[in-house]
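K.L.:
Fit chain B to the given chain A structure using the hints.
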Amino acid sequence: MLKIALVYPELLGTYGDGGNALVLGERARRRGIEVDVLRVGIGDHMPDASLYLLGGGEDGPQRLGADLLRESSFAARVRDGKHVLAVCAGLQILGTSFAVEGDDEYEGLGLVTAVTRRGLTRAVGELLVRRGREVLVGFENHGGRTEIGSGVEPFGLVERGRGNDGVVDGYCTATIWASYAHGPVLAMNPWLADEILSRVLERELEPLDSIADDLYAERRNAILHSTESSRRP
Amino acid sequence: MSPALSLRDAFATRAILAVNFLSRVTVGGSGTVIGGRVGLALAPRLLEDLAAPRTVVLVSGTNGKTTTTAMIAAGWGGDVATNETGSNMPPGHVAALASSRSSRAVLEVDESWMSSVTPATSPRVIVLLNLSRDQLDRANEVRQIAERWRTLLSVGDGAMVVANANDPLVVYAAELAANVAWCDVPTPWNTDAVSCPRCTLPLRFADGSWWSECGFSKPLNVATTLSNELTVRGNLLRLDLRLPGAFNEANAAMALTALTYLEVDPHEALARVNELESVAGRFSLRRWRGHQLRLLLAKNPAGFTAMLNTLKDDESDIWVAINARVADGKDPSWLYDVPFEKLRGHRVYCFGDRRLDLATRLDYAGVDYVVVSDEASLPRSGEVIDVLSNYTAFQDWRKKSAPC
Chain A
1 MLKIALVYPE LLGTYGDGGN ALVLGERARR RGIEVDVLRV GIGDHMPDAS
51 LYLLGGGEDG PQRLGADLLR ESSFAARVRD GKHVLAVCAG LQILGTSFAV
101 EGDDEYEGLG LVTAVTRRGL TRAVGELLVR RGREVLVGFE NHGGRTEIGS
151 GVEPFGLVER GRGNDGVVDG YCTATIWASY AHGPVLAMNP WLADEILSRV
201 LERELEPLDS IADDLYAERR NAILHSTESS RRP
Chain B
1001 MSPALSLRDA FATRAILAVN FLSRVTVGGS GTVIGGRVGL ALAPRLLEDL
1051 AAPRTVVLVS GTNGKTTTTA MIAAGWGGDV ATNETGSNMP PGHVAALASS
1101 RSSRAVLEVD ESWMSSVTPA TSPRVIVLLN LSRDQLDRAN EVRQIAERWR
1151 TLLSVGDGAM VVANANDPLV VYAAELAANV AWCDVPTPWN TDAVSCPRCT
1201 LPLRFADGSW WSECGFSKPL NVATTLSNEL TVRGNLLRLD LRLPGAFNEA
1251 NAAMALTALT YLEVDPHEAL ARVNELESVA GRFSLRRWRG HQLRLLLAKN
1301 PAGFTAMLNT LKDDESDIWV AINARVADGK DPSWLYDVPF EKLRGHRVYC
1351 FGDRRLDLAT RLDYAGVDYV VVSDEASLPR SGEVIDVLSN YTAFQDWRKK
1401 SAPC
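Order-wise, the sequence lines are chains A and B. Numbered per the working numbering, the first sequence finishes at 233, counting up by one with no gaps. Numbered per the working numbering, the second sequence finishes at 1404, counting up by one with no gaps.
Source of the hints: derived by calculation from the structure; they are not laboratory data. Bear in mind that the values here come from a model prediction, so they are computed numbers and not experimental data. Here a beta-carbon is modelled for each residue, glycine too, at the ideal position from N, C-alpha and C. Treat each hint with caution, since some may be false.
Going by beta-carbon spacing under 8 Å, a handful of chain B positions derived as facing chain A [claimed, not checked]:
(1) S1195
(2) P1202
(3) S1333
(4) W1334
(5) Y1336
(6) D1357
(7) Y1364
Taking lysine to any residue pairs in the SDA-like style, the calculated list, with each CA pair at most 25 Å apart, reads [what the hints assert, rightly or not]:
(8) K3(A) with D1363(B)
(9) K1342(B) with G41(A)
(10) K1342(B) with G25(A)
(11) K3(A) with R199(A)
(12) K1342(B) with R29(A)
(13) K1342(B) with S210(A)
(14) K1218(B) with L1176(B)
(15) K1342(B) with V35(A)
(16) K1312(B) with Q1395(B)
(17) K1218(B) with G41(A)
(18) K1342(B) with R30(A)
(19) K1312(B) with E1383(B)
(20) K1342(B) with E34(A)
With the rest of the complex left out, here is chain A (with noise of 0.2 Å):
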């Protein structure tokens, strides 16, 4: 059975985010595999999955999210090696800190090496990222910039948008993967919902047609093709 644990959609779903979990939920179900799909509250004791999902949130919210997270179990189960997908706010909560309405050094879980500052302007357009022989698109909203680590490994090169900073998007690890391609990302990119699957159940995959991958398509056409969005130092 696949645990994936959707970690306080009412604080850090402003964007469609839970919509990862019923692209990670379907696909693995298509493919025959048993699925739990599980909503942690607020409130909710922190439950064992073999993967947790944190979205975005608006300022207040993702305050609470990370103090809720830091009286939790969460940040020990990701240490004793269960993967984790976060995007925009979530992506910063793992990370060192944050600037949120009063406070520009907000800590952060201290996962992963990512400090992240106001950036002069918000990034509020459309984002294509490449990761290796991949190409991720998506659509970014967020005011940070996010400086990671010498030693952590970015998500991925920023060829539309402005990602952490206009040059690299997101971070890494062996159990982690974080990007500002927020909300339903995985939605958009069925192989990044694959890739995902396959390392947490540490199996290959049979392929799955879906009519995601005609948006995945459409998606990477029109962006690469749009006139307005290009890299957002």
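P.N.:
Relative to chain A, chain B alone:
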């Protein structure tokens, strides 16, 4: 109006009417915004001057602005200046006021513009419906809007604020106002207010109420209650709307509350609001290529969720059109905040620029879908088909269809 207007204002007013007339006859525009822009460029204080001699009502909130504004205009009776096409920023406001001589005006106002339109128009009544996520790529932080409204209303003077008591963000915005009439109306969407706007601790919702540990809670002293019955300031009113949907009953309750502060008899207002059939083309029956369509507008998760609840519980085909142009918000992530799972059992035809985003959402929701690439080959059913679309997609459908 003219005695109150300066020569410059009078000239600007004529310019608005002329430009809008030209816009309508030459490029087929709806002709409201462009003239308003010209007018404001010629006379920057035009909104103040046009509003000054009138009794003004402002309506704002994420969902229901246009309908509630239309209900207030209809319920007031007679001639009322109003921006009925939904052009809800100052150019639309001056255009609406310039084209009417009525001493009464009801204006819908974009949430982000309340802070400037309120001092400019000195409203008698302000109606605040709800606040939730909408066009996330633009005015994304709904809490910031609540904060700005709070600042605005805490220093406001004479206006009566008619505010939704079931929306914690609206309560936060209005609680410092000098005069508030709280409306206890059903508000199913509270996903954007899970953490307390005062202290950020979790809000609790139970038994029709809500509260936070810091003491912030649903106001007890309500003017209006809508459950099985509607009571507006002690008047028991029988709602029998021709407009569909529970959300329109909540809009009507707030519109009728506002009207009582304008000394309108609530029973007479009720009769006029009940009769309202269609608002700016919404809910209207149209025909297109031999199909009979009912056009429904839903722009964001709260609006879409409410609209899905009004659909017939049968296995009829449903058409959904999604765009992500500037006026829609360029990020359609919100599709994953809409419980499309409710459409299982229906077949959904996907239209619009972002029909593949919609189709993917429906696929993961387990809903039967068809991506429409050839509009000529759609099956004819003979039944009225519900067409749900977001903002610019709705306008496209209005344009290409004709009245029944």
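K.L.:
All hints are to be evaluated individually against the structure, with a verdict given for each.
P.N.:
Hints, verified against the model:
{"no.": "1", "hint": "S1195", "result": "5 Å, holds"}
{"no.": "2", "hint": "P1202", "result": "4 Å, holds"}
{"no.": "3", "hint": "S1333", "result": "3 Å, holds"}
{"no.": "4", "hint": "W1334", "result": "5 Å, holds"}
{"no.": "5", "hint": "Y1336", "result": "3 Å, holds"}
{"no.": "6", "hint": "D1357", "result": "6 Å, holds"}
{"no.": "7", "hint": "Y1364", "result": "5 Å, holds"}
{"no.": "8", "hint": "K3(A) with D1363(B)", "result": "22 Å, holds"}
{"no.": "9", "hint": "K1342(B) with G41(A)", "result": "23 Å, holds"}
{"no.": "10", "hint": "K1342(B) with G25(A)", "result": "18 Å, holds"}
{"no.": "11", "hint": "K3(A) with R199(A)", "result": "14 Å, holds"}
{"no.": "12", "hint": "K1342(B) with R29(A)", "result": "20 Å, holds"}
{"no.": "13", "hint": "K1342(B) with S210(A)", "result": "21 Å, holds"}
{"no.": "14", "hint": "K1218(B) with L1176(B)", "result": "14 Å, holds"}
{"no.": "15", "hint": "K1342(B) with V35(A)", "result": "22 Å, holds"}
{"no.": "16", "hint": "K1312(B) with Q1395(B)", "result": "24 Å, holds"}
{"no.": "17", "hint": "K1218(B) with G41(A)", "result": "22 Å, holds"}
{"no.": "18", "hint": "K1342(B) with R30(A)", "result": "21 Å, holds"}
{"no.": "19", "hint": "K1312(B) with E1383(B)", "result": "12 Å, holds"}
{"no.": "20", "hint": "K1342(B) with E34(A)", "result": "23 Å, holds"}
When the structure is compared with the earlier hints, no violation turns up for any of them.
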